[in-house]
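Peer 1: What follows is the residue order along each chain.
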Amino acid sequence: MKVVFERSKGLLNTETHYCPGCTHGIIHRLVAETLEEMDVLEQTIGVASVGCSVLSYQYFNCDMTQAAHGRAPAVATGIKRVLPKDRIVFTYQGDGDLASIGMGEIVHAAARGENITVIFVNNAIYGMTGGQMAPTSLLGQRTATSPEGRQPQTQGLPIRVSEMLATLDGASYIERVSTHDVAHVMKAKKAIRKAFLTQQEEKGFSMVEVLSTCPTNWGLNPEESLQWVKQEMVPYYPLGVYKDRQYKGEES
Amino acid sequence: MKVVFERSKGLLNTETHYCPGCTHGIIHRLVAETLEEMDVLEQTIGVASVGCSVLSYQYFNCDMTQAAHGRAPAVATGIKRVLPKDRIVFTYQGDGDLASIGMGEIVHAAARGENITVIFVNNAIYGMTGGQMAPTSLLGQRTATSPEGRQPQTQGLPIRVSEMLATLDGASYIERVSTHDVAHVMKAKKAIRKAFLTQQEEKGFSMVEVLSTCPTNWGLNPEESLQWVKQEMVPYYPLGVYKDRQYKGEES
Amino acid sequence: MMRIIIKEDYCKGCSLCIAFCPQEIIQLANRLNRNGYRPAEVLDQNKCTSCAACARMCPDSVISVFRPEKNKIKAS
Amino acid sequence: MMRIIIKEDYCKGCSLCIAFCPQEIIQLANRLNRNGYRPAEVLDQNKCTSCAACARMCPDSVISVFRPEKNKIKAS
Amino acid sequence: MGKVLMKGNEVIGEAAILAGCHYFFGYPITPQSELVAYMAKRLPEVKGLFLQAESEVSAINMVYGASSAGVRVMTSSSSPGFSLKQEGISYLAAANLPAVIVNIARGGPGLGNIQPSQSDYFQVTKGGGHGDYYTPVLAPSTLQEIVDLTQEAFRIADQYRTPVILLGDGMLGQMMEPVEFLKTDNQIVIDKEWATTGTKGDGSPKTITSLDLNDVKLEERNCKLQEKYKLIRRNEIKVDTYLMEDAEMAIVAYGTVARICQSAIDRVRDEGMKIGLIRPISLWPYPTDVIASYCERLNKIVVVEMSAGQMVEDVRLSVEGKVPISFYGRTGGIIPTVEELVEQFQMHGNGVLR
Amino acid sequence: MGKVLMKGNEVIGEAAILAGCHYFFGYPITPQSELVAYMAKRLPEVKGLFLQAESEVSAINMVYGASSAGVRVMTSSSSPGFSLKQEGISYLAAANLPAVIVNIARGGPGLGNIQPSQSDYFQVTKGGGHGDYYTPVLAPSTLQEIVDLTQEAFRIADQYRTPVILLGDGMLGQMMEPVEFLKTDNQIVIDKEWATTGTKGDGSPKTITSLDLNDVKLEERNCKLQEKYKLIRRNEIKVDTYLMEDAEMAIVAYGTVARICQSAIDRVRDEGMKIGLIRPISLWPYPTDVIASYCERLNKIVVVEMSAGQMVEDVRLSVEGKVPISFYGRTGGIIPTVEELVEQFQMHGNGVLR
Amino acid sequence: MKEEIIIAGFGGQGVMSMGQLLAFAGMKQGKEVSWLPSYGPEQRGGTANVSVVISDSKVGSPIIDSPTTVILLNNPSFEKFEKKVVPGGNILTNGDLVNLPCKRNDISLFSIQATTIAEKLGNHRVAGMVILGAFIEKTGILSKESLVEALLHVLGKEKQHLIPVNIAALESGMEMVL
Amino acid sequence: MKEEIIIAGFGGQGVMSMGQLLAFAGMKQGKEVSWLPSYGPEQRGGTANVSVVISDSKVGSPIIDSPTTVILLNNPSFEKFEKKVVPGGNILTNGDLVNLPCKRNDISLFSIQATTIAEKLGNHRVAGMVILGAFIEKTGILSKESLVEALLHVLGKEKQHLIPVNIAALESGMEMVL
Ligand SMILES: Cc1ncc(C[n+]2csc(CCOP(=O)(O)OP(=O)(O)O)c2C)c(N)n1
Ligand SMILES: Cc1ncc(C[n+]2csc(CCOP(=O)(O)OP(=O)(O)O)c2C)c(N)n1
Ligand code: SF4
Ligand code: SF4
Ligand code: SF4
Ligand code: SF4
Ligand code: SF4
Ligand code: SF4
Ligand SMILES: [Mg+2]
Ligand SMILES: [Mg+2]
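Chains as they are written, first to last, in UniProt numbering: chain A, 1 to 252; chain B, 1 to 252; chain C, 1 to 76; chain D, 1 to 76; chain E, 1 to 354; chain F, 1 to 354; chain G, 1 to 178; chain H, 1 to 178.
Since the hints were derived computationally from the structure, they do not count as laboratory data.
Among the hints, erroneous ones may be present.
[Said to hold, decoys possible] Derived lysine-lysine pairs resembling DSS-like cross-links, with alpha carbons at most 30 Å apart: (1) Lys-80(H) x Lys-217(E); (2) Lys-58(G) x Lys-138(G); (3) Lys-300(F) x Lys-300(E).
Work the whole structure out from these sequences, hints included.
Peer 2: See the structure below:
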């Protein structure tokens, strides 16, 4: 019997605390597999953020540091800047963490061309704290803090983080992918690999924005949630590569 | 004798603490004249930020609140949201204030489509604290904290704030102008007026990025400084309108 | 012949494997595992094509997929 | 005839008005004002065209500019 | 309206609305998120405004803005988020701006956990921010008391032009009890002629600032602040006592844990021990004199906190060596049980009972 | 190397490098900006790294990252910026991460001004952040002492795995004095086997975290923290005394103002008053016992601070009512003059002199 | 009179709202009550529990160390709370879900096939009401009327149609301990 | 011996570096020294001052309430510091820039046309050195040699060519008080 698929060695052998059907788990697997395949698990340091993935330091089979809410890019910067160059440093952040409280940190990490990889899990909501509005929540989306649905007049417009960061010269590789079916999951894996390779080649800042689900707080079952990603999120957050060019000081 | 030009009533009758030749003074005048001409001085609340313009609350002839470093957009949001709609609220912020410590606040004010006007004075340096590198300092620029000139590898790439914020649906009007000669000063005035009108018409977030000088910390005389703006800054920070479109929820 | 193995105790019964199995051979068992979930179970291993769609969509990496070695004689 | 008035004590001697005056009729005085700056002064008001370039470039709003009323007869 | 059954976090929200606070800027964090959600639902109903800020830092500065525009305004958070507000609180205090800031504290330090805790006592009472300032701190121990103290917080904030902190913990925020929304009497309406609302009709420009580059002037400002604090110390001390009339041993505890202490005291009293409870309600200003006034009669004071020992310093400062003081604390989100407190009190009481 | 003339801010930087700290993450703020600029220039020369963070919040979290990767690392700020670091400091303490954090304090609260001040005492000693934690605080009063204490700060940080605060003020940061860069003896090299540097060669994954959702486990963590603090209290108290052998009146002062007090004491001694100085060098742990040990002989203690009165509480906690205590403070960035202190001491001394 | 009740089960079994019904009914009946949830990571998947105190005098601590009654809806909760009940107290379980043997003989154990009964009544979601019926009948701390009033309040207008089946469940539960 | 010196003038007049020269020279001569600038908003335009203590014993307070010498380079500084000098102390001014009458008669006043002299020496920027020359000659606290050493240190390699004119200025200043 040939093994077609088995649990990645990049994941520790523990159950996660994620809700049934939450795609955080899929994204964990993709990161773990990539690090395993690149054979860099032993030289990787991951940074867990504050969100449902806060405990990811118990799941990844590599050194992990847990950062304050929103500050993972700063923590990753601190780690990356003081360790030998062969170390791989990544952050794993939710949309509340990265796009709300951590907006300053992510913009500046990108602008500095910080040679780290950011896995940005956009599920359009604050999962961990019970379903409040995120900067990425869609217009009309009902959340604990937008009970009537998000209104542009009072709650503003959702932020397309990938597009925004792509305007920065410091950002080298930025792609948005999704997890709503097998094909997209496989594409997501490719993007994540590309991002880590960007770092390995010392090309600077890389980020993969992964559209993800929160069945629990969306009030949908796992399958419906994937449909919601496809039908509601993808149109507002178009998939694709937003940046794939390293800035060369000499060029401009 | 006809009065061709006199000191705006939008300015109080005091000397400023700005260094000789610093264009903060010109920008103050433009804002003051605009408010005077729109006849809104009595219903305007300005927010002074932390930077050389921190004392601008002693210079403008309208109510003023002084905000913590970087937080002027949040303070302005607080003011604007609780006062009657006819009130005009603006922030006056330096590039360190707005683009470094205050990055989160400005992105989110723009994303929310906050109906305020931001006067963003980009002089590519921290003036008040004695000439440290700003996120907008140019590559190669020598500052107190980039003594060998800003290097992309360690200090990252300058941020083009207007371009970046223009990607946000919430931002309605964004223009970059300069102060390096009479014609540009007059253009800057027009842009500032347009920005305040945007607010008056309740169209949402408006910002004018004004390229400005810091003769003291650039180590140039005032005239050379204007030349430096023209020759060094304008090429990296192209002038022009980056956004002039109000997001209508219904449209998209 | 076991083509897929489901580590039952790690399963959360989310049903995503069921939704994505082209062969429609997975279902939730009628019992609870130690965490109180109804775990996924395979109806007919023989129908499985080892496509691994289930495994790729499983958020909890619960499923392993195998394929019988191709008969070398046939292959050559 | 005074076309421009420089509020000397507010002047910081930055020379921007000088740099931008097309008529080249402004210079720094050879004395210090109470703040220790050499204030700007006008050499020849008659050469002034009231273009206000000086005033628009003055960071300290120190300069006022006037223009003699046009002779109404000529204008009509 | 009668009694309703609500979560503590929601009670804070409704009480704020009762106090005329129609503006709330917040950011979610467990265990106070229900307050944010409540305000999101309720404030539009009273034509007020709820805004979710992008961070705690931003929220406190929005509060700074709204307060400088003259309205009653509130924000809330829990420990880590409260730390992020320190600069902003220092600014509010320095600029003489009224506001009510809620801290529903949780286990710390760092990310800690989300269980109830009282380990932010130092931070709220000694000024977690920079510079010489204090904020009045009110610590309710029941949901009904939240109703009163939230209103009081707004009254004090406006009257003295100061930020006021309402300190609870996860238990108080998460639990439900019947409450009745009664307006407190001492509601005062204050004309905020200092607010920056535009000069229309009221003359020359007004400014709100905490800056004074001149040291002599800044010292003057600071002296005025200290005068204000003196006044607050004189007028705004709140403290509750229980069975202290004949007590020979006093328990000092506040907030959540004071309730548990009270249950434990009841049990120990049954055994004949002369024990009572002093429950500071205002943690700043601290009821120093009240505690000191019992010193003569007391053989022992036991301070109980859900912390490693913080308020105990204020008790020591009150007592100045006149009575022996013991401390009993639990941390990490653990709430002491009545049983363990009974045991503690009995142990300490052995030297007390005749 | 001999003596060199340098600004206090720069002395901190050079002393840090002497201590083997090659990483600095900072953000400019007066009156500490020279330190940032100095590191920007010097660290590349020693193949280290200076990085200007986008904010103080970011800087302290970069420090968190660098420290978790096992290097000696420093950041610095002044009062408002220091307030912004509170969450990060609480995280460092909770995660047992060593780091040195400099606060060159200025007039507060709020934006205040940029003149020297000691009004962040509470913030640094009682934990300006949330949760039960302390940070050792060292307060030099001369530039030469900066050289020693900066090195000490790194030693303590590594030895106990804790953030350590170096507290100065604008005067100390801005002034120049001759200093000699001598290495302190008790340099220890510690193997940071806990650092997250990649698992290569050292087995299973390591984690740095301050989270423990389980209350019992978090309490265990907290107890370990408190054990550590007990150890630090036992081992790391630093205090200096001056003419205390026969003193009947003691001045207690630290840092900048202690120098002025010393000059004033010299003058008052000339008039025959038996007066001395107790100068706490470690503000936490506080030299409680040292102060207490003088109580018997003293008639009076005068605490002098450039604040409205903060350390005075720690003095009161040390003395517990055994000696009358007076406080003299200036705020807003004003440094008391020798003359005014002489007058103060004489005034208080009137009751003391026989 | 005073009842200190802990209700525990998997998240999603309605543990919190069962507690809320009791507290609300208690309040309506003029008693002092408190309701305190366990919260936090348990929300995700694991077990959840709620503490409800119903008393004739003021509630001091809403935390319950030694419950007078525990209502347990899954095995892990049974393992955790069986031992905590005061001697003479009650353990009520949903016998369809809890099948561990009881080690205590100083308490009253009521194992009710609540899911089975609920399904017979046509709605498996009213299993909790069956047990609450048993609880009030056994302890007498609350009247049926107060619980019905609480039901009316909690279900609100939109779910009025569910009232009859809930009341039926309540009554079946009450009958179980007759 | 102890000198407490305040040097004050407009920003840009070299006040800080004059102070630094004195402190450095003092250190080289084996004395205890301290240098303390006024900083802050004054940087922009206004006046700046620096306090330098040179002493044979340890420097307590680097803050100077009652200077033994003040060196004043503009009128505002003269107004501010004239009154602070200890009786018997020195006031040195650049007579080209300070023209206010002196109200004190318990001090020694030296008004030196330092700019004029400096310009004669070919570099108006050495006016400060002229005054420092006068200062060391008058007080005797520092030797000319130490000041020259300080100069060498401060000017560094790039500005070696400026040393002769600086020394000439120093010497002219010293001669002024002969
Ligand atoms: C300073 C601070 N503020 C707020 C919180 C509370 N908090 C924890 S997670 C979270 C949001 C998480 O949302 P997101 O980043 O989108 O992650 P998700 O749970 O959706 O994966 C918040 C606000 C905190 N822990 N610390
Ligand atoms: C929290 C905080 N951090 C840092 C500072 C110090 N600071 C004052 S102004 C300033 C930078 C100002 O630069 P910019 O915004 O570009 O304004 P400019 O002076 O150039 O006009 C800094 C870092 C502060 N006051 N508060
Ligand atoms: S709350 Fe949402 S994001 Fe968090 S684990 Fe559950 S489903 Fe996933
Ligand atoms: S320091 Fe620079 S920005 Fe500030 S006032 Fe002077 S010239 Fe202008
Ligand atoms: S491998 Fe393919 S066919 Fe086999 S069970 Fe999984 S999804 Fe179905
Ligand atoms: S996808 Fe995984 S967790 Fe979900 S039911 Fe299938 S095996 Fe279980
Ligand atoms: S108005 Fe024009 S011509 Fe007249 S002085 Fe000014 S710049 Fe010169
Ligand atoms: S531009 Fe204004 S400040 Fe500058 S020299 Fe001319 S008048 Fe004076
Ligand atoms: Mg999210
Ligand atoms: Mg700037």
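Peer 1: Could you work out which earlier hints the structure fails to respect and list their numbers in ascending sequence?
Peer 2: No numbers; nothing is violated.
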